[in-house]
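Construct the complete structure from the given sequences, taking the supplied hints into account.
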Amino acid sequence: MSGAVWVLAEQWRGAVSDVTYELLALGRQLADGLGAPLEAVLLGSEARELAASLGAADRVLYADHPSLVEPVGEHYSRVVAALAAEAQPSVVLVPITNVSWDLLGLLPVRMGVVLANFCTDVQVAEGGLEARCVLFGGKMEVRVVPRGETAVLGVLPGVRAADEGRSTREPEVVEAGVPAAPAGTVRLVGYEEPEAGDVDITQQEVLVSVGRGLQGEANLDLAEELAEALGGAVAGSRPAIDMGWLPVTRQVGKSGMQVKPRLYVALGISGAPEHVEGMKNSGLIIAVNSDPDAPIFDVAHYGVAEDLLEVTPALIDKLREQKGA
Amino acid sequence: MKILVLLKMVPDVVEELEVADDGASLDRGFLRLIINERDEHALEQALILKERHEATVVAVAPEAPEVDDVLYTALARGADRVLKITGVEEGLGSRATAELVAATVPAVPDLLPVDLVLTGCQAIDDLDGLVGPLVAERLGIPYVGIVTGVDVDPGGVARVSREYPGGVRGAFEIDLPAVVGVQGAEKPPRYVPIAKVRAAMTSGQIESVAAAAAAEPSGLDVLEMRRPVVAERAEMITGDVDEIAARICEILAERGLV
Numbered sequence: 001m002s003g004a005v006w007v008l009a010e011q012w013r014g015a016v017s018d019v020t021y022e023l024l025a026l027g028r029q030l031a032d033g034l035g036a037p038l039e040a041v042l043l044g045s046e047a048r049e050l051a052a053s054l055g056a057a058d059r060v061l062y063a064d065h066p067s068l069v070e071p072v073g074e075h076y077s078r079v080v081a082a083l084a085a086e087a088q089p090s091v092v093l094v095p096i097t098n099v100s101w102d103l104l105g106l107l108p109v110r111m112g113v114v115l116a117n118f119c120t121d122v123q124v125a126e127g128g129l130e131a132r133c134v135l136f137g138g139k140m141e142v143r144v145v146p147r148g149e150t151a152v153l154g155v156l157p158g159v160r161a162a163d164e165g166r167s168t169r170e171p172e173v174v175e176a177g178v179p180a181a182p183a184g185t186v187r188l189v190g191y192e193e194p195e196a197g198d199v200d201i202t203q204q205e206v207l208v209s210v211g212r213g214l215q216g217e218a219n220l221d222l223a224e225e226l227a228e229a230l231g232g233a234v235a236g237s238r239p240a241i242d243m244g245w246l247p248v249t250r251q252v253g254k255s256g257m258q259v260k261p262r263l264y265v266a267l268g269i270s271g272a273p274e275h276v277e278g279m280k281n282s283g284l285i286i287a288v289n290s291d292p293d294a295p296i297f298d299v300a301h302y303g304v305a306e307d308l309l310e311v312t313p314a315l316i317d318k319l320r321e322q323k324g325a
Numbered sequence: 001m002k003i004l005v006l007l008k009m010v011p012d013v014v015e016e017l018e019v020a021d022d023g024a025s026l027d028r029g030f031l032r033l034i035i036n037e038r039d040e041h042a043l044e045q046a047l048i049l050k051e052r053h054e055a056t057v058v059a060v061a062p063e064a065p066e067v068d069d070v071l072y073t074a075l076a077r078g079a080d081r082v083l084k085i086t087g088v089e090e091g092l093g094s095r096a097t098a099e100l101v102a103a104t105v106p107a108v109p110d111l112l113p114v115d116l117v118l119t120g121c122q123a124i125d126d127l128d129g130l131v132g133p134l135v136a137e138r139l140g141i142p143y144v145g146i147v148t149g150v151d152v153d154p155g156g157v158a159r160v161s162r163e164y165p166g167g168v169r170g171a172f173e174i175d176l177p178a179v180v181g182v183q184g185a186e187k188p189p190r191y192v193p194i195a196k197v198r199a200a201m202t203s204g205q206i207e208s209v210a211a212a213a214a215a216e217p218s219g220l221d222v223l224e225m226r227r228p229v230v231a232e233r234a235e236m237i238t239g240d241v242d243e244i245a246a247r248i249c250e251i252l253a254e255r256g257l258v
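Going down the list, the protein sequences come from chains A and B. Each residue of the first sequence is one higher than the one before, starting from 1 at the first, in the working numbering. Each residue of the second sequence is one higher than the one before, starting from 1 at the first, in the working numbering.
None of these hints come from the bench; they were simulated from the model. Check each hint, because a few of them may be wrong.
Unchecked claim - Cβ-to-Cβ under 10 Å is the rule here; a few derived chain A residues that face chain B: (1) ASP102; (2) VAL114; (3) VAL134; (4) VAL144; (5) ARG160; (6) ALA162; (7) LEU188; (8) ILE285; (9) ILE286; (10) LEU319.
All values derive from a computational prediction rather than experimental measurement. The C-beta atom is built at its ideal place from N, Cα and C for all residues, glycine as well.
Given below as structure tokens:
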């Protein structure tokens with residue numbers, strides 16, 4: 001592997017995402033290990049000024065075109081694949097976020113190279129790369145070696161500290177030509193903001209969060225009562241929103257909110273990576289899940305491997321008893 | 001309008017997963033497979049579009065244990081035609097599965113062209129590829145994923161709602177034909193009584209189609225599979241429920257949280 005290490009800088013709504021700096025920190029280690037330069041690849045329209053914060057890279061490749069104003073995977077993947085065909089990078093790091101997910105899926109296919117997805121860490125080993133990836137909703141992890149001259153790696157947020165990838169250095173910016181204007185087959189009409197008026201779960205000190213293990217909307221009362229006893233609000237993981245138990249404004253995780261309450265009580269949540277990234281920085285995490293192997297116990301401080309329908313009422317009673325005392 | 005729905009089976013993670021003797025794959029002996037949850041939403045979204053626009057819905061899945069149940073259930077829910085790709089090696093990776101589907105689908109009689117391909121935008125075993133993007137590229141049509149609502153205009157355009165972080169949605173137009181990766185249907189997948197599934201098993205038919213090509217080997221060498229190694233797992237609280245509740249209250253009190 002001799003080509004550069006590429007980090008796809010994620011820009012959305014006028015800002016570079018924090019995860020970009022995490023990937024730059026990881027990319028720096030890989031580039032040094034491989035003896036290759038670290039390059040950030042930034043796409044946009046009149047967004048060159050965003051390159052200024054990418055000084056952790058040896059240089060920034062910037063592709064400017066009106067069609068690149070929004071990070072649409074269909075367009076971005078064609079442009080990045082064309083740039084890669086010319087520059088022959090050895091590694092392309094793409095963040096696993098909702099913004100970049102389509103790009104991550106399309107890019108390896110368009111480049112005709114290998115993808116290693118759900119990476120939680122990547123190391124240089126014996127002149128090549130070895131990635132650690134989580135699978136099956138966080139229940140297993142694998143160590144993998146990608147074959148071939150180039151690999152695209154999908155990297156989960158939290159791989160390094162973002163601050164390690166920030167730099168005040170002014171990076172060299174190289175304007176990359178946009179090979180061909182992508183066909184306008186996919187068009188962003190506009191963004192819709194989440195409905196206001198509901199509880200803002202990012203502002204709560206205590207969250208009682210429910211997942212599939214709650215089993216039914218009828219049991220939501222239990223979570224509400226526990227939240228009330230603790231002076232907090234109810235939130236949920238993806239399944240709780242998919243099943244219509246809670247509005248989307250209460251969703252914690254990749255598509256929802258990043259929360260950092262003092263106390264996070266996870267009821268019947270398995271702890272898939274998409275959920276964990278939204279709550280892992282909570283002050284105290286207590287998880288109740290009847291599956292003792294649930295990945296939520298890898299991130300929680302305290303765990304209870306029992307039926308939440310038995311534990312929760314007992315806890316509510318105990319809290320009320322103490323309050324009354 | 002014709003809609004093709006791509007389904008695949010994945011391990012049920014509610015069950016205990018064991019590593020096989022090779023130390024680098026799942027022990028398939030005790031594995032229970034279920035439909036990829038996002039694919040089930042893709043099917044539901046297709047059925048919603050069928051009700052709205054009188055579409056024909058065709059579901060296709062590579063063969064796997066329990067897949068017949070999933071396909072009969074799809075028929076019972078309202079799919080017009082269900083296909084099973086046979087001659088598929090067990091335990092194929094996502095990329096190989098997607099290549100197989102993309103290579104086989106064009107050879108199925110009276111299937112293509114379709115107006116819309118719906119599939120889940122991700123699966124829990126997507127280590128080396130995502131089905132939707134790969135099929136889109138092979139069919140030469142556009143892709144958009146993480147979609148939670150789809151409608152179709154008569155002019156050959158789909159309007160989809162795509163999820164962004166923080167609850168923000170992006171409204172997209174996408175020229176048809178296209179592949180749309182579904183995160184969630186507009187409504188939860190419909191319940192279908194077991195009697196209806198049984199009826200589909202008697203009156204309905206799963207069409208078997210032979211896989212068009214041998215699956216490509218994965219581009220990844222898996223050195224090891226194991227349970228995640230974490231720095232510090234949760235301290236487990238045990239006892240009867242009252243003891244557990246008391247201990248939690250103690251912990252909360254120590255931290256000034258009650």
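Now for the hints, and whether the structure bears them out:
no.: 1; hint: ASP102; result: holds (5 Å)
no.: 2; hint: VAL114; result: holds (3 Å)
no.: 3; hint: VAL134; result: holds (6 Å)
no.: 4; hint: VAL144; result: holds (5 Å)
no.: 5; hint: ARG160; result: violated (15 Å)
no.: 6; hint: ALA162; result: violated (15 Å)
no.: 7; hint: LEU188; result: holds (6 Å)
no.: 8; hint: ILE285; result: holds (8 Å)
no.: 9; hint: ILE286; result: holds (6 Å)
no.: 10; hint: LEU319; result: holds (6 Å)
The structure fails to meet hints 5, 6 from the earlier list, while all remaining hints are met.
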